[in-house]
Every structure is written in structure tokens, then in C-alpha cells.
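> Chains as they are written, first to last, in the numbering used here: chain H, 1 to 335; chain G, 1001 to 1223; chain F, 2001 to 2225; chain P, 3001 to 3421.
Just so you know, the hints here were simulated from the structure itself, not pulled from any lab data. For each residue, glycine too, the CB sits at the ideal point set by N, CA and C. Any given hint might turn out to be false.
Stated by the list, open to error - Derived DEER-like restraints, expressed as beta-carbon distance ranges:
hint: 1; chain 1: F; residue 1: 2173; chain 2: H; residue 2: 85; range: 28 to 34 Å
hint: 2; chain 1: H; residue 1: 204; chain 2: G; residue 2: 1151; range: 53 to 59 Å
hint: 3; chain 1: H; residue 1: 29; chain 2: G; residue 2: 1125; range: 53 to 59 Å
hint: 4; chain 1: P; residue 1: 3161; chain 2: F; residue 2: 2091; range: 55 to 61 Å
hint: 5; chain 1: F; residue 1: 2091; chain 2: G; residue 2: 1089; range: 31 to 37 Å
hint: 6; chain 1: G; residue 1: 1005; chain 2: H; residue 2: 137; range: 40 to 46 Å
hint: 7; chain 1: H; residue 1: 29; chain 2: F; residue 2: 2091; range: 34 to 40 Å
hint: 8; chain 1: F; residue 1: 2019; chain 2: H; residue 2: 216; range: 54 to 60 Å
As the list claims (entries may be wrong) - When the alpha-carbon atoms are kept at most 16 Å apart in a straight line, the in silico EDC-like pairs for lysine to aspartate or glutamate are as follows:
hint: 9; chain 1: H; residue 1: 222; chain 2: P; residue 2: 3350
hint: 10; chain 1: F; residue 1: 2139; chain 2: P; residue 2: 3350
hint: 11; chain 1: H; residue 1: 25; chain 2: G; residue 2: 1023
hint: 12; chain 1: G; residue 1: 1223; chain 2: H; residue 2: 30
hint: 13; chain 1: F; residue 1: 2064; chain 2: P; residue 2: 3303
hint: 14; chain 1: H; residue 1: 25; chain 2: G; residue 2: 1002
hint: 15; chain 1: P; residue 1: 3191; chain 2: G; residue 2: 1172
hint: 16; chain 1: F; residue 1: 2059; chain 2: P; residue 2: 3280
hint: 17; chain 1: G; residue 1: 1022; chain 2: P; residue 2: 3303
hint: 18; chain 1: P; residue 1: 3094; chain 2: H; residue 2: 7
hint: 19; chain 1: P; residue 1: 3066; chain 2: P; residue 2: 3150
hint: 20; chain 1: G; residue 1: 1028; chain 2: P; residue 2: 3150
hint: 21; chain 1: G; residue 1: 1022; chain 2: H; residue 2: 7
hint: 22; chain 1: G; residue 1: 1022; chain 2: H; residue 2: 64
hint: 23; chain 1: F; residue 1: 2065; chain 2: G; residue 2: 1217
hint: 24; chain 1: H; residue 1: 161; chain 2: G; residue 2: 1023
hint: 25; chain 1: F; residue 1: 2065; chain 2: P; residue 2: 3303
hint: 26; chain 1: G; residue 1: 1028; chain 2: F; residue 2: 2066
hint: 27; chain 1: F; residue 1: 2064; chain 2: P; residue 2: 3280
hint: 28; chain 1: G; residue 1: 1223; chain 2: H; residue 2: 160
hint: 29; chain 1: P; residue 1: 3089; chain 2: P; residue 2: 3150
hint: 30; chain 1: H; residue 1: 219; chain 2: H; residue 2: 198
hint: 31; chain 1: G; residue 1: 1223; chain 2: H; residue 2: 165
hint: 32; chain 1: P; residue 1: 3066; chain 2: F; residue 2: 2027
hint: 33; chain 1: H; residue 1: 294; chain 2: H; residue 2: 213
hint: 34; chain 1: H; residue 1: 4; chain 2: G; residue 2: 1023
As the list claims (entries may be wrong) - To be clear about the criterion: a stretch of chain H counts as covered by chain G if any three or more of its residues have a C-beta under 8 Å from a C-beta of chain G, and this derived list gives those stretches:
hint: 35; region: 65-73
hint: 36; region: 118-131
hint: 37; region: 146-155
hint: 38; region: 257-263
hint: 39; region: 300-310
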Amino acid sequence: MSTKAKEILVLALIFAFSLIFYIGKVLGWEAVRFSTTVSLIVILLVALSLLWILILTIRGRLVERRIVFLYVGIAVALPLFMTLSQRIAISPEVEAVYNTLEGLPEGSKVLVSFDYDPPSAPELQPMAEAFLYYCFEHDLKVIMMGLWPQGPMQANLAIEKVLSDEKIKSKNLKYGEDYVNLGFQAGYEFVIQRMGSDFRSMFPTDYRGTPYEQIPLVKNVKNFSNIDYCFNLSSGFPGTREWVQIAVDRFGVTLGAGNTAVQAPQMYPFMRAGQLVGLLGGMVGAAEFEFLTKWIGKGTKFMISQSFAHVIVIAFIIIGNVAFFRSKRKTGLKR
Amino acid sequence: MEHFALWLGGFLTLGIFSFLYKDNPWYKLTEAIYVGISAGYFVVVYFWDNFYSKFWVGVFPHKRLNEAGELIAGVEPDYWLIVGGVLGLLMLMRLLPKVGWISRWPLAFIVGATAGLWLINYFASFVMVQIQNTVTPLFGMDYSASLYVIVGNIVVAVGTFTGLVYFFFSKEHKGAFGSAARVGIFFLMITFGASFGYTVMSRMSLLIGRIDFLFGDWLGMIK
Amino acid sequence: MKRQVPLIITFLIGMIMIFSFFIPPLEGLEQTCSLFFDVIAVFAFFLGGGNLMRIHVNKLRRRKKDWGFSIVTLGGFIIMLAAGLLKIGNPGGIAASPTTEGALLQEIFTYVFLPLQSTMYALLAFFVASASYRAFRAKNREATILLIAAFVILLGRTPFGMMLTGWIPESFSVLQVPNMAIWIMNSPNLAGQRAIMIGIGLGVISMSLRLILGIERTYLGDDSA
Amino acid sequence: MPSHPTTSRPSYLAMLSLLFTFFLLPSIVLAQAEVGQANVEGTPIVPDSEQIVVAPVTSLIAADHKYDDGEMIDLSWVPSIDDQLIDGKVIGYKVYRLEDDGEPQMITELAPSSNGYNDQSVERGKLYSYFVSTLSSNAETPSVRTAPVEPQREWLNYELLNVLIIALVLGGAVIYFIETARRGKKLFVRKIAGIEAVDEAIGRATEMGRPILFIPGILDMDDVQTLAALTILGRVARMIADYDSKIFMPVSRSLVMTAGRETIKASYQAAGRPDAYNDDMVTYITDEQFGYVAAVDGIMVRERPATVFLLGAFFAESLILAETGNSVGAIQIAGTARPAQLPFFIAACDFTLIGEELFAASAYLSGEPKQMGSLKGQDVGKAIAMAAILIGVLTVTIGDAWNVEWMQNITTVLTEIFSTK
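The following block holds chain H by itself, in its conformation from the complex (with noise of 0.2 Å):
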């Protein structure tokens, strides 16, 4: 058969896939879930054609870097079907903010600023719907609100998940009493000044166009002191670095934070000075998050994919190697 033969039933093939798994969907099909037993055999396949590649490199055949794409999409792809059992070690940075959360009486008011957009949704949303979860199972008010313009956005999708479990359902929460999302405001920085003073100020309406003051739920927050614990999910500036600089150090707020992979490790100087009370660092503070909070949602999976990404780059790495290795001793030395 031609390439071009094969290229062509390939993309026969994908498009079957889809069509059918899509009218399942419509249909009403159980998710597909490969059973632990399943899944370990899996890794175990994965494991032993990397091993065969590294035997292969050793004898001198170089991969080329299509499959080294094909790994990384397996990698990422199959950990989402899969039924893996796993201890989460709870690092203490996450404990802290679970337990501030628990040391809050019903009804108190929690404020959580979405301050990301799409692109860092596979980290931070896992991290808003546990929040929301743990929030509105604990009979706690949640005040949202974003500095980035599609952050309000991501705050209903969370709502949306949150709200279609069984068990918030059932607790009949209403909008504007148990939970308010008010919008996105510009200003970056000013805006937490400002609120400092007035949140009014800032949102006169919430993201429908509800005057603040016919807001059962804020029509009585004035400003900070009136809030009794701060949340931000953010992916870079305007995000924790600014909240702790002016809502803590200057409004005495209670600051917890959830932070991309990338910017967390920024944050630890002010977890060490106290400012912020504790932190959820990407994927993996997600998947402990959602363990403390009996939330299991997609931060568990993705986590298990992105530990299986990272090993399959560490596994290239070390081919590499090998291959370079090989090839200097067949050379000889010569430079």
C-alpha cells in the first residue's frame, strides 16, 4: 500500500473514531475507563517500547523526532483514561490553605479573584472548582471577581461544574445570595487599592448589570474588612505577587493563592514572611487540593498526565545521550 493509501485510511479512521464516540456522546455513553489492571498494563507497554527504543539507539538507530511526538501525545492522552490509585503526599503549603478554609465559620464571606485566562485553565480550573466545591458544601458566601477580562468568564464555567453535582444541588443556592461572580474590572494593581477603600467603587455592578446595593449578598461589604478569607488563582501580573502587596500588607487581608507551575516557586518568599497564608503550585497542588476537599475532578487526572509527560522527557533525555555517547566511541575522539 502507498503512503498515500495509508495516510488516507488514517484520516478515515480518525473521522469514524470521532463520528462514532460523538453519537455515543449524544447517545448518552458511559465515559470509557480502562480498570487499574488495564491501565498497569498499559504503562507497562509504554515502558518496555522505551526500552526497546533505548536497545535500538544502542545499536545505533537514531529516532526521529515524530516519534518522540507520538510519545508525548501517548503520554498526556492515555493517563485520562485510566484508573490509577495514587497516595497524594499533602505538601504543608496546601494543607494550609485547606485548613484555613476549614477554620471558618458557616456563612462567612470568601472572596476569590480569577485573575487567568483559557490558556492556564488545565491548572488553575481544577484548583476553582474544588474551592467552589469545599465553599458551597461548607454553607460558605462566595464573592468572585476577575483582574484579567476573561477571568469571570472561567468563575461561571467553574460554577456551572460545581453546581451540577448531586450534593450542591440539593442545597438549592441561589445567585446573589450564596454566591455572586462581579465581574471583571481594568486597572490591574488600583483596582485592589481601590476596593481597599470601596469595593462599590470598583464593581458598581456584578457581570450581569445588577446594581451593587440590590445584591443581597455584598449590599453590606463595604470593603476588605467585611471579607473574612481572599483567594487568587492567577497565571502572572495582576495576580498573587499584587494581592499581597497591597490587599495584605496594606488591608491586613487573610491571603490564600493557587498559581501556575511557573510563577509558584516566586511565591514561596511570601509564604516564609507569612503574607500569604498557603498555596496550591500547578498540577499537583490542584490534585492535593482536590483530595483534601473530596472533589474529584480533572486536577488528579492531569496531574498523573503531566508526571507522565515529565518522565517520558526524562527518558528522551537520557536516549539522547546514550546515542550521543555511542556515536563519540565508534568516532573516536576527535573534536
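Chain H is fixed; fit chains G, F and P onto it per the hints.
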């Protein structure tokens, strides 16, 4: 509509991914869509944001009327902006071959402004601030630092110094100077290795998001 | 005239910009200049957009290879222009922001542009892996150092780092991979960054001066060089 | 429906008591308060005993903001002694302003523990005086009024004088060496690998008969890195014209397209081959980052350039471009001043111009003595930086450790010279 949007998203996503295999018509199609749409989008956004809101409204401010329909004093027009408009028009003179050379004037303006502005900004924040930050007591204030911190401080000072030696143009990298430059290269290599290793891991989450869209939102295989 | 005027403009504007940093009454100049720049850039768009159209129309007319895709590009471009400039389907009418939700422009942005953008961005995951495979090899001393630094950081940012070296007692915790990673980021990495930044600052000064003084003039179409 | 009088009686009672507690009781309290007000003239609505009086702020000073265009007045004060973190009675401050002795106007409200404010809504030629009121939950205590101040315009920012002087020294060094070189003195500049490779890379493209791709980054003309890329383009295009190779330059900004065309055209003219130039060498693609990348990736795999230049400002796309260029087997020379992207170029390209080298490349490529002179000037800057770091670190360390006064003095002087406020 929702079905169409999902299939469209799936089609475009797979089209881009197909480039990893090789260049192919599917990728060409998605690329053509992407280029056309994004260019159009930016023309539109710049037109409204820069030309209309900043320039047009700046020169011809909206008239503010009170309830009785009388004109009330509003924003003063900013006639300075017309200079920018004239420079922009000069730029368009390129289209006329005879006077095309005049388009170099706005270009010269931009180059002068950029060079002058960044000269001083880079000087202040890249040179002055970095030198100032490097000058710290190696043993910490009042001997308070731990061995860990002291080693760190020494490394920062030595690394910055030898790094600069590496960049020196007027001397061949030979002798003691050459050894210092080589230490400098080591520091630069550590810097590059560290930044790379640091980013490798975070890039994976971008892909996870797309794969989740394909198998989750689109095909419903993951819940 | 053709050659001298642009050089004089560059010199004058450059000098004014430098000294405006030190003269308080001129401090608004930076904003004015960036405003001018925005306006000029919009005019330049006629040239850029026009060039895009011209190239694809030419491809079409001459039936060059892949001319069919030019139709798609042109179509997308024109649809976006029409949708955005006439604000088609905009719930707020012609006075509203062009990116109002529900407008045709924004719908295309959400359903076509966003998936394309995030997928293109996600390609990075693949390329990062293939680049590590190829580039992180202990070819020579420099490359080995790069590899080691990258590897320590890589391990330090994943659970494996802790798994590998978690047994090291607390008093030697500096040797645990995650802590080594933090140390590398804070010390040698910082030093390298600083040297690079100081160098960049000096390089910009020198190049800007060459431009302002008219020594570097290739960009102005100086044919005497 | 039958009525149930027996069961309904308690609920009447309940309603009555509710009515009493929520409606009548407050009105009684309010009425009494009104009586109190009627009795003693001039006292506030709330009886004295309940009013929380807080101490005023002290040491209120209003002063012209130094070194500005006369548009700001700085206020500073010592917060009220009742302004405590725990059990503090102060809920905030209000700042009032009197313009030319007119009526006081509240200009802002500040959070507790504030001790200053910059009033930026003042005009030159007017006199302003201020007072600050301390707020408790139900009372307001004004401070004394400040003396009137007039915002002043200054013509030179003396705070930045040190920056100006060092900038002049460095600029002077650059100009001095340019002049020295112009007068014919030979100046040595060491070889830079990435720049040395340019000639070979262009030659290779000529031999292979494949095009050269020039990517000037994704930022517009208002970024210095783009300017650096264009200055290098001038030299590269000149060589390409001499070698009779083909250059192709897709750009993501219209202005860069215009400038790029101007540059290449001039280089071809200088090489004596104006006929070989054509506008299609430079093409605008799209302003959008990844749309541009998608198109350039396509160009790379279809045109298979022998040489790729990636010079200018790059962001996340750096690696996508460099890896694709690598996959088609092109020699790649990259350079950027963005430290975060440098490692990707180092990993995927054959030669990388690191930061400063990007800005020096054009001067180096030109081979003209006066341009080389400017590189010497840069080295003076580096020497100053190195000396400052060496002396600074030594004096601050030794001065602190053994308390050597003259060393501490040197440190102080150095810090002042290099401070940017």
C-alpha cells in the same frame, strides 16, 4: 450550533496537530483560515482602538449634550494628534513612486523616538539597578547569614563579574582573562539550562488542555 | 534633502527623548510619542493589509501552487473586516465595542480563533520534548553544565526529585534535589541573568547612539554605505 | 375552610411580639434620642456617651512634590493614636483641600494606618492648603490646617543627576572611541562566533540554491530589538545581494514590513544591483503571534530555506520556530535580548547571539572602524560595571564585618551613584 462549534474546534485542533506528522493540505487549510482571520481581527481591533478611539475621538471629541439638548463643555480636542495623523499619511506616500522617499520621515521619527526612549530606560533598569543589586555584603548584615546564603552571595557576585568578562569585546579570551571568561560561560550555561528545565515542565499543561478538549468536550470519552 | 532630513529628524527626536527623562516639563512626551506611534501604525496597516490582499490575489490570478488556500485566507480576512468594521450582529449596534459578546466578530474569535491559538501554543509541549532530546547532550564541557543544570531543575520540579533524594537527612537537606533546584535558580541563574542584562543595557546604549548620531543608517535607505 | 381560633391565638401573640421588637422598640429608642437632641442644643444626634471620638492626625505637612512639572503636592502625617491594628477605633481618613482659601473639599478617603497622600489634581499658580479628618464609626475629627502651598515646576530632575552623569560618561566613551577610530587608529575587537558564521551561512544558501529566511522578531518598530534586527538586515542583505542569493522576510507588523523593504532596497542599491530587488521579498502576514508562527512554519517546510535568521524580540514562539527550522536542516543564527527565550535558541540553533551581541552584530558586520569604535565604548561601560561590583562587594563586606569607616563611606558613595530612585 453547539454541535457545529464542537466539530469545528475538533477539526481545527487536529489540523494544527497534523503538522507534527508533516506538512499537508489539512494543515494548509487551517493555516490559511488562521492567517486570514487573525489578520482581519487585528485590523479591526486596531482600527477601533487606535484610529477611532485614540485619534479620531481625540481630535473630534464627542459632543456632550445636556438633557435640554444644549451643548455642554466636554473634552477639549487634542490637536497634537494631527501631527501623528500627518506622519501616518506621509507613510502612505510609499504608494506613489514619485514621492515615495518622503515615507522615510515618519520612519526616521519612529527610529529616533524608539532609540532615545529605550537608551535611557534600558540604562536605568538594566545597568544601574542590576549593579546596585549585586553590591550586597557577602556575609549578610552583621554576619547573620548561614553558610548556604554566603555561598549563594559569593556565587552571585563572582558569576555576574565573570559573565561580564565573557561579554568583553576588546580583549581576546586568553590567559587569566580567558579563564575568567570561561567561568563566565559556565554561569551563562547554568542560567540557560535552569531556565530551560524550568519551562519544559510548565509547557505540558498547555497540551493537556487541548487533549482534554478533544477527548472530553468534543468526543465525551472523559467525564 | 532626501538623505539629510531623515537623519536630522532621528537626531532631534532621539535627543529630545533622552533628555525628557531628566526634564520634568517634558515627561508627558513618552505618552505622546507612543500615541503618535499607534496612529502611524494604523496607517501602515493599509500597507500591510493591502500587501496581504495583493499577494493572495496574485496567487489566485496566476493560479500559483496552492492558490486554493489563498481563497480561504482572503475570505477569512474579508469576513473579519466586514464583521468588525460594520459590526455585523453586534447586539449593541454600531456604537458598541466591536468585541461585544454575540457580535459576529466575537463569535468567530471564540469558535475559530481561540481553538487555533491554543492548539498552536500547545505545539510547544511537543517541541520542548524534541528539543530536549536533541540538545541536552553532554557534547562538551559547556553542554554538560547546561545538561546538569537543566536536569536538576527538571527533577526538582517533579515528584521524582523528592522520591530520589527524600532520604537525605534534614541537616543535609540542601542536597535534596528540590532544594538544589531552588538554589540554582536563586544563585548561579541570577548571576547569569544579571550579566546578560547589564550587557544588554550597554548594547542598547551603544546601538541607539549609533542610530541617533546617524552612523548606523542602513534602515533609511542610505545607499552610500 | 373551618377556622381554628384556639390554635391561631398563640400565633397572634407571636406576631405582636415580633411587631414590638422589630418596629416599636426601635421607634421608642429613636424617639428618646430625639428628645435628647431637643434638650441640649448643638449636640450630635447620637448621645455623647455613644459617640466614638478619636484623636486627630498630627504633624500634617503639605509640600510641593520635588522635581516634577508642578502637578503634585505631597501630604504626610502621623496617624491618629487611636489607629491601632487591634481594637482600633479609626475606620479611615478623609483628606480635605482648600483652593486659594475657598471652601474645603473632600478629595479622597483613605484606609486606616495611611500616613500620606499624593494629590495629583493640582495646578500651577494656585495656593492649596489641606486638613485631614480622622473617622471613627460615627464621628469625624479634623486636624489643624496646613500652610498654603503652591505646586512648583522644576526644569531639571536633580534626583536623577547621577543617572545623567553616568549616561553622559558612557555616551561620551562611545563617541570618543568612534572619533578615535575615525581618525584611523586601529582598534582590536575579538571574534564573535555567531557573527563570524553569517558569511558562511549565506554562502551555503547560495551553493545550495535555496532561499534565506529572515525573521525580525514579532514586536513592532517601537522595540529596540526590532531596530537591532533591521540594522543587521542591512548588512546581511548587502552580502546576499553580492552573493546573488534569495532573501525572504515574512513579518508580523506592517511598519516592520515598510522598514524592511526600505532597508533591503538600499542594500541592493549599494551593492549595485537595484534591479534584483523586489517588494515581494518582504511580506506582511498577521499581527497575531501564533497565526504568524503557523504561517512561518508552513513557509519553512515548503520553501526549505538553507539559512534562517531569527533576530529580534521573541516570546513563546521562539522554540516552535527554531525547532521547525532545525527539522528542515537549515543553518540557524538566532539572537534576542529576552533572557527567557535565549535557552531555546541555544538548544535548537547553530549560533546564538546572546543579548549584547545582538546589538553589536551590525557594527561588527559592517567592519567600519567607527562602528567598531562604538563597541569599544560599550566595553568602558562593562569595565565601570565590573569595577563597581568588585569594589562595592569588597567594601560593603569588609566595611560591615570589621566596621571600617572609610570602606563604609565608599559603599555609601557607590550606592548613591548607582541608585535610580
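> Give a verdict on every hint.
Here is what the structure says about each hint:
no., hint, in the structure
1, F:2173 with H:85: 28 to 34 Å, "holds (30 Å)"
2, H:204 with G:1151: 53 to 59 Å, "holds (54 Å)"
3, H:29 with G:1125: 53 to 59 Å, "holds (57 Å)"
4, P:3161 with F:2091: 55 to 61 Å, "holds (56 Å)"
5, F:2091 with G:1089: 31 to 37 Å, "holds (35 Å)"
6, G:1005 with H:137: 40 to 46 Å, "violated (33 Å)"
7, H:29 with F:2091: 34 to 40 Å, "holds (37 Å)"
8, F:2019 with H:216: 54 to 60 Å, "holds (58 Å)"
9, H:222 with P:3350, "violated (59 Å)"
10, F:2139 with P:3350, "holds (14 Å)"
11, H:25 with G:1023, "violated (32 Å)"
12, G:1223 with H:30, "holds (8 Å)"
13, F:2064 with P:3303, "holds (14 Å)"
14, H:25 with G:1002, "holds (13 Å)"
15, P:3191 with G:1172, "holds (8 Å)"
16, F:2059 with P:3280, "holds (12 Å)"
17, G:1022 with P:3303, "holds (14 Å)"
18, P:3094 with H:7, "violated (74 Å)"
19, P:3066 with P:3150, "holds (12 Å)"
20, G:1028 with P:3150, "violated (66 Å)"
21, G:1022 with H:7, "holds (11 Å)"
22, G:1022 with H:64, "holds (13 Å)"
23, F:2065 with G:1217, "violated (37 Å)"
24, H:161 with G:1023, "violated (38 Å)"
25, F:2065 with P:3303, "holds (12 Å)"
26, G:1028 with F:2066, "holds (9 Å)"
27, F:2064 with P:3280, "holds (15 Å)"
28, G:1223 with H:160, "holds (15 Å)"
29, P:3089 with P:3150, "violated (34 Å)"
30, H:219 with H:198, "holds (12 Å)"
31, G:1223 with H:165, "holds (13 Å)"
32, P:3066 with F:2027, "holds (14 Å)"
33, H:294 with H:213, "violated (35 Å)"
34, H:4 with G:1023, "holds (13 Å)"
35, 65-73, "holds (count 4)"
36, 118-131, "holds (count 6)"
37, 146-155, "violated (count 0)"
38, 257-263, "holds (count 3)"
39, 300-310, "holds (count 6)"
Hints 6, 9, 11, 18, 20, 23, 24, 29, 33, 37, counting from the list given before, are not met by this structure.
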